[in-house]
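**Q** Heads up: the protein sequence lines correspond to chains A and B, in order.
If you're matching positions, the first sequence starts at 891 in the numbering used here and goes up one per residue.
If you're matching positions, the second sequence starts at 67 in the numbering used here and goes up one per residue.
There could be a bad hint or two in this list.
[Said to hold, decoys possible] Interface residues of chain B toward chain A, partial, derived using beta-carbon atoms under 10 angstroms:
(1) 77
(2) 83
(3) 100
(4) 111
Bear in mind the hints are in silico, worked out from the structure with no lab data behind them.
All C-beta atoms in this analysis are idealised placements derived from N, C-alpha and C, irrespective of residue type, glycine included.
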Amino acid sequence: MATGLPFDDVLAAAQAGAAWAFETLYRDLSPAVTGYLRLHGAAEPDDLASETFLGVFTGLTGFRGDEAALRAWVFTIAHRRLVDDWRRRSRRPRTADDDVPLAGHVGGDVEDDAFTRLGAQDVHRLCALLPDDQRAVVLLRVLGDLTVDQVAQVMGRSTASVKALQRRGLRALREELEQSSERVGPAANPFAAARR
Amino acid sequence: MTTAADDRADERAFEALLAGRPVPGDTAGRYDGLATFTEAVRGSA
């Protein structure tokens, strides 16, 4: 874990009710969970993340598994909260045209922050282009660090279905990135320019 | 037009990027955009 403590020790302490262990798990997982919810266009990603971790800590005593399994289980709860949120709102996610304050959430290395700010609006726009299920697969792979099988488990789908969604999502992203590069030229394209 | 070979290349590139490896054989920088997107998504968390 990020703290350097063995996962099994942290999990056992959290299951026994130790606040420090809850905090460790929260600190380890909440940035990726909140990022997942935010890039899906959740209206209140922080609130949904709080609901997610309330569910996690309520059900933690019954959890059995390793760190990867815990991660998959946490994202399963987050994804369910997100689907509930979609049903409540019954509309498409917000896009980069909305004033999403992503830059305020980044931290760490200065160059990384500048780079992230450079691409934040484009990342939101690209994510918003994908249908919900394709976006979920791509984000769970990248932010959740989950395998295709784990994503299938999170989304309640077959592995073949997730592979097909991933294929379509990647194709859509690549085509949009290529078209974007052709429209503005590589020099003005932040996705191409940032790699040079 | 996207072919099945393109789809397979996309998947291989994505798996490489997730693992933090360079995309094999991508000398033309075809996947630079996807690489930057993946980094930016990670950076947003």
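**Q** If a hint holds in the structure, say so; if it doesn't, say that too.
**A** Verification of the supplied hints:
Satisfaction of the interface hint for residue 77 of chain B is found here, the shortest Cβ-Cβ separation to chain A being roughly 7 angstroms, below the 10 angstroms cut-off. Because the closest C-beta pair between residue 83 of chain B and chain A is about 9 angstroms apart, less than 10 angstroms, the hint holds. Contact between residue 100 of chain B and chain A, as hinted, is supported at the beta carbon level, the nearest pair being about 6 angstroms apart and thus within 10 angstroms. The closest approach between the C-beta of residue 111 of chain B and any C-beta of chain A is roughly 3 angstroms, which is under the 10 angstroms cut-off, so the hint is satisfied.
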